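Q: Read off the chains here:
2 protein chains.
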Amino acid sequence: MSKPSRQLRLGAFLMQTGHHIAGWRHPDAQADASRNFRHYVELARLAEAAKFDAIFFADSSGVRSTHLGSLARTARSEFFEPLTLLSALAAVTERIGLIATVSTSFHEPFNVARKFASLDQISGGRAGWNLVTSSSTSEAHNFNLDELPDHASRYQRAAEFHDVVLGLWDSWDDDAFPRDKASGIYLDTEKLHVLEHRGDFFKVRGPLNVSRSPQGRPVVVQAGASESGRELAARTAEVIFVAHQTFDEAKAFYADIKGRLPRYGREADDVKIMPGIFPVVGSTQAEAEEKFEQLQALVDPVVGVALLSSVIGGVDLSAYDVDGPIPDLPETNGPKSRQHLLVDLARRDKLTIRQLYLRIAGARGHQQVVGTPQSIADQLQQWFEEGGADGFNIMAPYFPGGLTDFVDLVLPELRRRGLFRTEYEGRTLRDHFGLKRPARGSYP
Amino acid sequence: MSKPSRQLRLGAFLMQTGHHIAGWRHPDAQADASRNFRHYVELARLAEAAKFDAIFFADSSGVRSTHLGSLARTARSEFFEPLTLLSALAAVTERIGLIATVSTSFHEPFNVARKFASLDQISGGRAGWNLVTSSSTSEAHNFNLDELPDHASRYQRAAEFHDVVLGLWDSWDDDAFPRDKASGIYLDTEKLHVLEHRGDFFKVRGPLNVSRSPQGRPVVVQAGASESGRELAARTAEVIFVAHQTFDEAKAFYADIKGRLPRYGREADDVKIMPGIFPVVGSTQAEAEEKFEQLQALVDPVVGVALLSSVIGGVDLSAYDVDGPIPDLPETNGPKSRQHLLVDLARRDKLTIRQLYLRIAGARGHQQVVGTPQSIADQLQQWFEEGGADGFNIMAPYFPGGLTDFVDLVLPELRRRGLFRTEYEGRTLRDHFGLKRPARGSYP
Ligand SMILES: Cc1cc2nc3c(=O)[nH]c(=O)nc-3n(C[C@H](O)[C@H](O)[C@H](O)COP(=O)(O)O)c2cc1C
Ligand SMILES: Cc1cc2nc3c(=O)[nH]c(=O)nc-3n(C[C@H](O)[C@H](O)[C@H](O)COP(=O)(O)O)c2cc1C
Chain G
1 MSKPSRQLRL
11 GAFLMQTGHH
21 IAGWRHPDAQ
31 ADASRNFRHY
41 VELARLAEAA
51 KFDAIFFADS
61 SGVRSTHLGS
71 LARTARSEFF
81 EPLTLLSALA
91 AVTERIGLIA
101 TVSTSFHEPF
111 NVARKFASLD
121 QISGGRAGWN
131 LVTSSSTSEA
141 HNFNLDELPD
151 HASRYQRAAE
161 FHDVVLGLWD
171 SWDDDAFPRD
181 KASGIYLDTE
191 KLHVLEHRGD
201 FFKVRGPLNV
211 SRSPQGRPVV
221 VQAGASESGR
231 ELAARTAEVI
241 FVAHQTFDEA
251 KAFYADIKGR
261 LPRYGREADD
271 VKIMPGIFPV
281 VGSTQAEAEE
291 KFEQLQALVD
301 PVVGVALLSS
311 VIGGVDLSAY
321 DVDGPIPDLP
331 ETNGPKSRQH
341 LLVDLARRDK
351 LTIRQLYLRI
361 AGARGHQQVV
371 GTPQSIADQL
381 QQWFEEGGAD
391 GFNIMAPYFP
401 GGLTDFVDLV
411 LPELRRRGLF
421 RTEYEGRTLR
431 DHFGLKRPAR
441 GSYP
Chain A
1 MSKPSRQLRL
11 GAFLMQTGHH
21 IAGWRHPDAQ
31 ADASRNFRHY
41 VELARLAEAA
51 KFDAIFFADS
61 SGVRSTHLGS
71 LARTARSEFF
81 EPLTLLSALA
91 AVTERIGLIA
101 TVSTSFHEPF
111 NVARKFASLD
121 QISGGRAGWN
131 LVTSSSTSEA
141 HNFNLDELPD
151 HASRYQRAAE
161 FHDVVLGLWD
171 SWDDDAFPRD
181 KASGIYLDTE
191 KLHVLEHRGD
201 FFKVRGPLNV
211 SRSPQGRPVV
221 VQAGASESGR
231 ELAARTAEVI
241 FVAHQTFDEA
251 KAFYADIKGR
261 LPRYGREADD
271 VKIMPGIFPV
281 VGSTQAEAEE
291 KFEQLQALVD
301 PVVGVALLSS
311 VIGGVDLSAY
321 DVDGPIPDLP
331 ETNGPKSRQH
341 LLVDLARRDK
351 LTIRQLYLRI
361 AGARGHQQVV
371 GTPQSIADQL
381 QQWFEEGGAD
391 GFNIMAPYFP
401 GGLTDFVDLV
411 LPELRRRGLF
421 RTEYEGRTLR
431 DHFGLKRPAR
441 GSYP
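Protein sequences, first through last, are from chains G and A. Numbering follows full-length UniProt numbering, with no gaps: position 212 of the first sequence is 212. Numbering follows full-length UniProt numbering, with no gaps: position 73 of the second sequence is 73.
No lab work stands behind these hints, which were simulated from the structure alone. One or more hints might be untrue.
Stated by the list, open to error - With a straight-line cut-off of 27 Å between C-alpha atoms, the simulated BS3-like cross-links for lysine-lysine are: (1) K436/A x K251/A; (2) K51/A x K350/A; (3) K258/G x K436/G; (4) K181/A x K181/G; (5) K436/G x K51/G; (6) K181/A x K291/G; (7) K191/G x K436/G; (8) K291/A x K51/A; (9) K291/A x K203/G.
What the hints assert, rightly or not - Here are the computed distance ranges between Cβ atoms for each label pair: (10) S153/G x T422/A: 58 to 64 Å; (11) Y424/G x K191/A: 29 to 35 Å; (12) P330/G x S135/A: 54 to 60 Å.
Small disclaimer: the values here were computed from a predicted structure and weren't measured. Ideal Cβ positions, reconstructed from N, Cα and C, are used throughout, including at glycine.
Just chain G, with the same shape it has in the complex (with noise of 0.2 Å):
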């Protein structure tokens, strides 16, 4: 049997209990998952084992300090920094990718950039770096600032930032270090690049102090969706994780990029679309929607109204009775179109406050996909081979059984139908995705 050339991409993206909002209260799941390290070795694993490309933490640096009583209920507001764990993952796995976010707002370059080649040399070469410019104001008040800076000068900065960690990752040819004893010459330093950035946002003069990694350089990441997060990721991203909610909005997001990256000098293969996919699945699509309501039967009203309130705009919804209709809601500051979208959907389908919030409540706007094997396979099947994906962000709605359950149903279908590896072809996480390692000095 020949092998399909183009093959899917897969990442799992673990997050504490689950991507499920309730996710930490199913029987199942591990409900200390955020400061149990033996947890996150068991799903690396296991991620590894079933050949996924890599794994991936999302990261956000503050608690919020509004609904209490949403905050009490809910299992966000402690977890582990995504490169310590990462670094203590990468000693325990030997072939997964590992990518982590780290916000450009809130970091210097410097230490990013020394931060993630490290961990690519730790790992053997399977780093990866989700650039994000962050969105929170309880961000910002722990990093000096009484508020955020403005979506287009935080993408400035996530520009500038970008260019001074690929310049550092490049301080070094890869073979600057002959580390030869008997001449006494440890290094080359003809093949040292010193970096002398000067720009608006960072002075860098470098070099890094750590040498060219295995992969060349880490594997940029981005999830931006705005223009400027667009562009931005037309540039410089080699993978970008975004959240869909259908097929058409997925199509035209992918052809909006793959058509961006010309102007670049870039090919529509140097970048790798991988939407987020919240799965449930049951053996038969009954079984698959029991699950589905197991898990929904958990979201405390408290939790699911303050989650409607802050998603329509910072209305609070908290006086109205949750099983009757949404109320005439004022114009607010936050995003409208979303406020309208949803408002027009309870009115469209007549749906009460809970029926509402328990629309949004799983998937967090990326897609819900609740069906069998079959069902499943067939939908990522139809995104990645009619042009709205190259692969997928598995977001399991709890951990472990929501991973397993993808692992052991889904992906023996997947690979049935040759869309997917059973064996890694290569070492690094580069290796995996089918991206070039980088030439020293070449940048987008």
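We have chain G already, so just place chain A with the ligands on it with the hints.
A: Just chain A with the ligands now, kept in the frame of chain G:
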């Protein structure tokens, strides 16, 4: 046999290829240590099997741009970033403490608090932070600065930085997270403490997004020797690393620090003082000296002269005959006392340039002991019992051999004398050091 109550504390100060400047050229040295994670796994396990209290990594965020000829011949410009490395080592060890250096001058307290809290969780209570203020301009140049801030303001920032980090580590009561699936209560908001810090250098709201760590707080280590450094250490350090050349120096420093503690309501036992020791061990004195000569012979004159030139305050000695006397030197802006000390020594002992740089090439200011297991144990015991030290930071000349020698030859002698443990008594770094677990909200 009744165990003596006071036991030596021992740290294994790991440093790339070794502490001797030419250690990397030793036939048995691991020349590629700086990018060889397996090498560090071996060292960490060796130190753990030997029941060291901790392994320790120094840090620097810059590569110097002067004396390129010497840079080319030393192994100091590429190495793992300490926190990623220690996190990875946490996953492959069980008991040994994990201490990393992070500078307060080039980081944000929220990030530092979080990473060490996370490492403490990952390792089950084995993290320690060596708080330094940094002293090199080549580091400042990587963080938007033209010059290093002056000494006083570095220490002001360091003191406030420390207080913010401790405040963040105390964001949650030990029992703040019931994670009760039945009631749906994940955390108890009454047990959440928002920091709301507003100082001269930092505005940090908190709370930290990591629950209170197994040790209560990671152990705070310091290594500054100036007046400001000592005073900060007296208030805040739990362990002090220090470099001494003589027993008299060690005693004076020890008495000075312990004498400062009562002013901060602290007791002598609350701070462990650990000078560095650079041991070269032989089964006879002659064998030890031969081992040392083997290392000394590997020091390239380019490296030795550059080292000496910088130590005596930036005077370039490369134009002089390496086997001739020290020339008359102009007064410098550098540390004058050190220049005078060395020049006096050279004049008194009639040393050539080569002989003088060899005097300082090995231990970099720390106590150099070249001897038998007995004579080395004698000295450690004297310092320990006569008011010079609570323990030692062992700085092997090269790795792994230099550390293996200490473990195989000196440790049995220390154990015979009842000075060092044969088994770990507890599980956390605090347990090893005999440091109390701090109550939440109690600050130095
Ligand atoms: C799968 C996925 C993961 C994300 N992870 C993070 C994250 O960990 N931290 C974060 O601050 N933002 C995260 N984001 C959001 C963004 O990447 C981005 O910083 C934010 O949306 C603002 O960019 P935009 O305005 O261009 O969308 C994520 C988005 C997606 C789709
Ligand atoms: C054993 C030991 C280890 C040290 N490690 C570091 C280090 O890793 N990074 C650093 O910048 N300084 C290090 N130092 C130096 C200092 O801790 C301190 O930042 C510097 O000497 C300035 O402080 P001072 O003026 O109070 O001495 C170390 C010192 C000693 C004795």
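Q: A separate judgement is required for each hint: does it hold in the structure or not?
A: Hint-by-hint comparison with the structure:
no. : hint                        : verdict
1   : K436/A x K251/A             : 25 Å, holds
2   : K51/A x K350/A              : 44 Å, violated
3   : K258/G x K436/G             : 17 Å, holds
4   : K181/A x K181/G             : 60 Å, violated
5   : K436/G x K51/G              : 20 Å, holds
6   : K181/A x K291/G             : 17 Å, holds
7   : K191/G x K436/G             : 22 Å, holds
8   : K291/A x K51/A              : 26 Å, holds
9   : K291/A x K203/G             : 45 Å, violated
10  : S153/G x T422/A: 58 to 64 Å : 60 Å, holds
11  : Y424/G x K191/A: 29 to 35 Å : 45 Å, violated
12  : P330/G x S135/A: 54 to 60 Å : 57 Å, holds
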